[in-house]
Amino acid sequence: MATMRYLQAIRLAITEEMERDPNVFLCGEDVGQYQGTYRVTEGLLQKFGAMRVVDTPISEIGIAGLATGSAMAGLRPVAEFMTWSFALEAMDQLVNHAAKITYMSGGRIHCPVVFRGPAGVGTQLSAQHSQSMESWYAHTPGFKVVMPFTPADAHGLLKQAIRDDSPVIFMEHAGLYGTHGEVPDDPDHVVEFGKAVVRRKGKDCTLVGYSRGVLMCLRAAETLAAEGIECEVIDLRTIVPLDMDTVVESVCKTHRAVIAQEEWRNVSVGSEIAARIYEMAFDQMDAPVERVAGADVPMPYAKNLERAAIPTDSDVVAAVKRTLA
Amino acid sequence: MAKTVAERSSEDDIQRQELTELYRLMVLIRRFEETVYQKFHEAKIGGYLHRYDGQEALVAGIIPQLQLPGDYILCTYRDHAHALACGTSPGAVMAELMGRATGCAGGKGGSMHLIDPENGFLGGDGIVGGPVPVSLGVGYAIKYRGTKNVCVCYFGDGAMNQGGVHEAFNMVGLYKLPVLYILENNQFAMGTSVSRSTAQPDFVKKAEAHGIRGERVDGMDLLVVREAASRALDHIRTTGEPYFLELNCYRYVGHGIGDDNTKGWQTYRTEDEVAEWKLRDPIAKLRDTMEARGYLTPEQAEKIDEEVREEVHAAIVFAESSPEPALDSLYDHVYS
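Those protein sequences? They're chains X and R, same order as listed. Residue numbers for the first sequence follow my numbering, beginning at 1 and rising by one. Residue numbers for the second sequence follow my numbering, beginning at 326 and rising by one.
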């Protein structure tokens, strides 16, 4: 085990997979000479050369086409979007091409591509740069959607994503890039998709999160523990495939659930999980499922308004107390 | 040095053989499209479909020159001709149009998504301009592997006004990728003519603005198309750099089955204009040339026509006798 930052774990995963498989290459804006906007790809151009670390113009449709077409022709591209907000430019290549080509071809074409980059809400970046849009991709059949919380998961899930034969949406959190954690030394360390992990055991209420939402849940659980309320915290790791078995097993024990996410509440991941809890474990619930989510507004700039729009651990604490009331 | 009589005669044989094959391919495409129209009206084919009548030379003049597999082809939703030229069996194409399990995409794609990767055909694409960004990736994969292969990417004049096309052109020009762009300029983006949609109609200039060498060619003449494509492919295989051909042509029928049916196309062009273009019909033109050179007699042309009719008939019999996809295959292939 080595201790490293979340962004270093991502870099390590890319490096190891590029060393393992000559078909893996990286492309995106400023990933090479500039060393990566967030320094995630630092040193990779020097290590692998310009054919495998491709600096692109600011052309998201082009980046998505470069990745999709080369994957269709047998390579394994890892395409970086500087932020997921900019990927909106490329929606047709992503949704109508990468996600659908395998199905449309009756399984005759594979598209083993990873689209990755930072998502999540940030610090006073306002409406066009500060948002989380995982449900857009989770809604589209054909994508797997991955949102790691820890450095170890960032490493193991990204390696799994690169080895996967389907297109993978890999959403990192810029706010987690600097967080530290232990990462296994094993170059074949992969984390299987669709396997949620229980980050904290508890009997009173189930907290479901992913990406930085898990941090909200863990902090809330800590606060509540001081008051004698024991929460179980589940980190989903992947939105598609979604591990409902772990969630249902937990709510059968706690009979209460709070879902915490940074993305907007309306028609979101939380909506889906709540609906599935009701479908799969309605008679187990002692209280309505609570959702803690971003306010349904474009992210405002002013500090006080932004604070009001972003969910926090105290919102989770309040939600848990409502389920217990 | 002057060629001997024997050398000239053997060249003649090769020409005769080759042109006869291309003639047969164009006739096959025409008959196939006419039959598909009938089958749509018999409700044997659903959805939407786009015919290639009048544009046959763009496919027959290029695709048979490719090394398949090895080279790649991408094209638009007007893709029946491309599949046939790539060597996809007419039966597998017809079965796909009829939504059968034996179709080239197992019935999952339909008319706009024909595909045959074993023959280098990476598919039709239902989105105007959609294949062009994909071609950038396919071209990159060829360069990455260091082979002398080429990606041929077809698209229409309407695509020239899509943003993604220009993003991809710029990157293909920047990275110098082995892609041959074929602009099927059939004069209309659905119902909107080039002059009504495009401020700068000099498409070659637009390719050149992205660092891609280009030229404008008569797409109604198979020999002209074939020669231009040969020149372009040589350039790409030698230099590894992209090339752009604007092929001027005309679709005889409507954009799709919708305005074919209702003659909705009369809102944007006249019957006289269509008739005028038909005077330059690529199949008739090649037949005349071959007859003049002594490569083809009217009897041989008639025989080819009959053989092709039988081939298309066999495709229909195959498709109609094929099963629909199994219901439990609905969720297959969402993921690899």
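Hints listed in this document are in silico derivations from the structure and should not be mistaken for laboratory results. Here a beta-carbon is modelled for each residue, glycine too, at the ideal position from N, C-alpha and C. Any given hint could turn out to be false.
Okay, the calculated beta carbon distance ranges per label pair [what the hints assert, rightly or not]:
1) R:Gly488 - X:Pro184: 38 to 46 Å
2) X:Glu279 - R:Arg634: 51 to 59 Å
3) X:Pro57 - R:Lys473: 20 to 28 Å
4) R:Arg521 - X:Pro57: 50 to 58 Å
When the alpha-carbon atoms are kept at most 27 Å apart in a straight line, the in silico DSS-like pairs for lysine-lysine are as follows [stated by the list, open to error]:
5) R:Lys468 - X:Lys47
6) X:Lys47 - R:Lys501
7) R:Lys369 - R:Lys468
**Message:** When the structure is checked against the list of hints, which entries are broken? Sort them ascending.
**Reply:** Result: hints 4, 7 break, sorted rising.
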